[in-house]
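Trainee: As you go down the protein sequences, you meet chains A and B in turn. Per the UniProt record's numbering, the first sequence starts with residue 1, numbered consecutively. Per the UniProt record's numbering, the second sequence starts with residue 1, numbered consecutively.
Hints are computed from structural coordinates only; laboratory data are not their basis. For each residue, glycine too, the CB sits at the ideal point set by N, CA and C. A portion of the hints provided could be inaccurate.
Claimed, not checked - Distance ranges between label pairs, derived from CB positions:
#1 A:R327 with B:A352: 24 to 34 Å
#2 A:E97 with B:E32: 34 to 44 Å
#3 B:A363 with A:R282: 26 to 36 Å
#4 B:P26 with A:A24: 46 to 56 Å
#5 B:A292 with A:H192: 43 to 53 Å
Unchecked claim - Here are some chain B residues pointing at chain A (derived, C-beta under 10 Å):
#6 P153
#7 K216
#8 L365
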Amino acid sequence: MTTVAVKPATMAQALTRAMRDAMAADPAVHVMGEDVGTLGGVFRVTDGLAAEFGEDRCTDTPLAEAGILGAAVGMAMYGLRPVVEMQFDAFAYPAFEQLVSHVSRMRNRTRGRMPLPITVRVPYGGGIGGVEHHSDSSEAYYMATPGLHVVTPATVADAYGLLRQAIASDDPVVFLEPKRLYWSKDTWNADHPTEVEPIGRAVVRRPGTSATLITYGPSLPVCMEAAEAARAEGWDLEVVDLRSLVPFDDETVCASVRRTGRAVVVHESTGFGGPGGEIAARITERCFHHLEAPVLRVAGFDLPYPPPMLERHHLPGVDRVLDAVARLQWEAEN
Amino acid sequence: MTVMEQQGAYRPSPPPAWQPRTDPAPLLPDAEPHRVLGTGAAADADPDLLRRLYAQVVRGRRYNTQATALTKQGRLAVYPSSTGQEASEVAAALALEERDWLFPSYRDTLAVVARGVDPVETLTLLRGDWHTGYDPHTHRVAPLSTPLATQLPHAVGLAHAARLKGDDVVALAMVGDGGTSEGDFHEALNFAAVWQAPVVFLVQNNGFAISVPLAKQTAAPSLAHKAVGYGMPGRLVDGNDAVAVHEVLSEAVRRARAGGGPTLVEAVTYRVEAHTNADDATRYREDDEVEAWRRHDPVQLLERELTARGLLDEEAIDAVRQDAEAMAADLRERMNQDPRLDPMDLFDHVYAEPTAQLREQRALLGTELAAEQDDQEGDPR
Ligand SMILES: Cc1ncc(C[n+]2csc(CCOP(=O)(O)OP(=O)(O)O)c2C)c(N)n1
Chain A
1 MTTVAVKPAT
11 MAQALTRAMR
21 DAMAADPAVH
31 VMGEDVGTLG
41 GVFRVTDGLA
51 AEFGEDRCTD
61 TPLAEAGILG
71 AAVGMAMYGL
81 RPVVEMQFDA
91 FAYPAFEQLV
101 SHVSRMRNRT
111 RGRMPLPITV
121 RVPYGGGIGG
131 VEHHSDSSEA
141 YYMATPGLHV
151 VTPATVADAY
161 GLLRQAIASD
171 DPVVFLEPKR
181 LYWSKDTWNA
191 DHPTEVEPIG
201 RAVVRRPGTS
211 ATLITYGPSL
221 PVCMEAAEAA
231 RAEGWDLEVV
241 DLRSLVPFDD
251 ETVCASVRRT
261 GRAVVVHEST
271 GFGGPGGEIA
281 ARITERCFHH
291 LEAPVLRVAG
301 FDLPYPPPML
311 ERHHLPGVDR
321 VLDAVARLQW
331 EAEN
Chain B
1 MTVMEQQGAY
11 RPSPPPAWQP
21 RTDPAPLLPD
31 AEPHRVLGTG
41 AAADADPDLL
51 RRLYAQVVRG
61 RRYNTQATAL
71 TKQGRLAVYP
81 SSTGQEASEV
91 AAALALEERD
101 WLFPSYRDTL
111 AVVARGVDPV
121 ETLTLLRGDW
131 HTGYDPHTHR
141 VAPLSTPLAT
151 QLPHAVGLAH
161 AARLKGDDVV
171 ALAMVGDGGT
181 SEGDFHEALN
191 FAAVWQAPVV
201 FLVQNNGFAI
211 SVPLAKQTAA
221 PSLAHKAVGY
231 GMPGRLVDGN
241 DAVAVHEVLS
251 EAVRRARAGG
261 GPTLVEAVTY
271 RVEAHTNADD
281 ATRYREDDEV
291 EAWRRHDPVQ
301 LLERELTARG
311 LLDEEAIDAV
321 RQDAEAMAAD
331 LRERMNQDPR
341 LDPMDLFDHV
351 YAEPTAQLRE
361 QRALLGTELA
371 AEQDDQEGDP
381 R
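Using the sequences plus the hints, can you model the full thing?
Mentor: Okay, here's the thing in structure tokens:
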């Protein structure tokens, strides 16, 4: 038996290490954004990169998101692999023009001749008491833009593995970092850090038989906790962590739902027009005859993200997930 | 020297009929930041104005220290202190007439308060009980804007609309040095100049955008230089000199009101405290630099002038301090009360008429809250 170095690390540390290893392995990898250099990013996720690789490889840019991403397009055209940091979810919006009009469609526009290997790191989501414009879940906008991969880790191992894969990807990846999990600690196999499923695969985090909770990013811990609590009610819940919203892993999701016959999609983002609608539709299309209840969604309310003092009422918590599960049972019995 | 004479300046070869719209020379900013305090010009400053500025600057300083203390006590989610920048904050508010509008950024709480907004209502964004605590119409102050520079085009639009309606209203829009790099800054300036909108842009250049120094933000000789390319005058002023800022802003406001179009004012100042309480400024700057700026303190500068001119004695200083103390005590007391929040408010202002979906979600939250209430009441403790 081989021993592996399994030690605790935070998600933020794993992300830093992923960028560091990617930069060491490939001189084309450049990190840039606001405050990513001397300060190491406002969440310290780029800490030490400028010191180790120099300011040309880890660059404090002027404060202009459209400029940052637009420049990244040009850099990628010339063979570099830019990894750009958007400081907070809602501050990525000025860069939407570049993302939607160019980043997402350059490959397609040029009939495959000019792919753009750009990673756009976006700390996203709520639950950290941030003031206005610091807690948005914008994944639905990204998902609705063909040409982008949309990835979001929920574990320390995935933070490292998925970010390495995103940087290595020849297509643009919107890499959504659940900021409230930045400081979550996990034991992590530092000797084999890349050994995670590839982008595009969902993972069953907890096997179960009564119903499937389908979730990702910041809502994974909520669903794991709900699954634990559900045992008291006699429900054995399976939890699927999507990890990647685009591409979407129909196979893993449907295999699970076919086994359990019931599904609840859980995310922080708004429900109306949100990711859950797409997921529920896909499940219904593929698993209709296996379903014993309609696919339910537990999502944030359809509001601009509320002020921090009220966010706990907005964010889907364990109780709201369990209530949905209860409704599944009821639907199934009638 | 005009812009055209500058070495290496781009000189198009225009068609014969082409005429430059203006001589760019008058648009160029002051070579050195304009100063009044500590110069001969100070003697001409209106004593009343000096006293008003002083009282407001002292209040501003006190507000900053009080709000910072409230952050440490967990009463505010975050506070971006403007200690060191009080002069330009206060002068901004005092340069406006009542009918004018202010478009502040998140750091500009002092300007908002000096405009007459309740200090507690000003802080709701940063406390986190609601995004904007005040009614923008009451004092004609737009919501504190967090996404940088995004409020600038709004100021242009409002000023333009006022002029279309025949009102002589001016909009003053505030932005930091970092914010001048955003596309919205450029678009706003360009619109304002093309429309000759009655807007004044005040850039508070406090040296840093979080950790990024000005040298990494712009290659321009000054931020005020940016005005020239759009066709509006740029002014450079010592941002710690309340009288100078007031003078330059008032001039720009007068000019805008008279139909002379927009002005860009750069106030050179310094952010003495960290970006916010969550920031560690020692990672990106030296204490010496901070100390040097502490010695160029806006409160001290005014106090020295007033005292030298015999406009201020111990008693008067005391009165001003007491007034600031009273404001701080009131702020402290009211901020130490838990805000009364009704979670159901979440649904009230998403649309004029809530959608069917929101009504459903409202009912769901109502049920949850009732259950919470029952739990609490049933709790034997
Ligand atoms: C569009 C946008 N991008 C990023 C941020 C995050 N952010 C908040 S303050 C700040 C620095 C702002 O610097 P500056 O404009 O100089 O104003 P100051 O804070 O110094 O007053 C940054 C990057 C933001 N609020 N909005």
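Trainee: Taking 34 to 44 Å as the hint, is the beta-carbon distance of A:E97 and B:E32 inside that range?
Mentor: holds, 39 Å
Trainee: Once the shortest beta carbon distance from B:K216 to chain A is found, is it less than 10 Å?
Mentor: The hint holds - B:K216 has a Cβ within 10 Å of chain A, the shortest such distance being about 5 Å.
Trainee: Measuring from beta carbon to beta carbon, are B:A292 and A:H192 in 43 to 53 Å?
Mentor: Distance hint for B:A292, A:H192 holds at roughly 52 Å.
Trainee: Under 10 Å is the threshold here; is the Cβ of B:L365 close enough to any Cβ of chain A for the hint to stand?
Mentor: holds, 6 Å
Trainee: For the restraint on B:P153, tell me whether the closest CB of chain A is nearer than 10 Å.
Mentor: Violated. Min distance 12 Å.
Trainee: Please check whether A:R327 and B:A352 have a Cβ separation lying inside 24 to 34 Å.
Mentor: Since the Cβ atoms of A:R327 and B:A352 sit about 31 Å apart, the hinted range of 24 to 34 Å holds.
Trainee: Range first: 46 to 56 Å. Now tell me if the beta carbons of B:P26 and A:A24 are that far apart.
Mentor: holds, 54 Å
Trainee: Take a look at whether the Cβ-Cβ distance between B:A363 and A:R282 falls inside 26 to 36 Å.
Mentor: With a Cβ separation near 28 Å, B:A363 and A:R282 satisfy 26 to 36 Å, so the hint holds.
Going through the hint list in order, the structure does not satisfy hint 6, though it satisfies all others.
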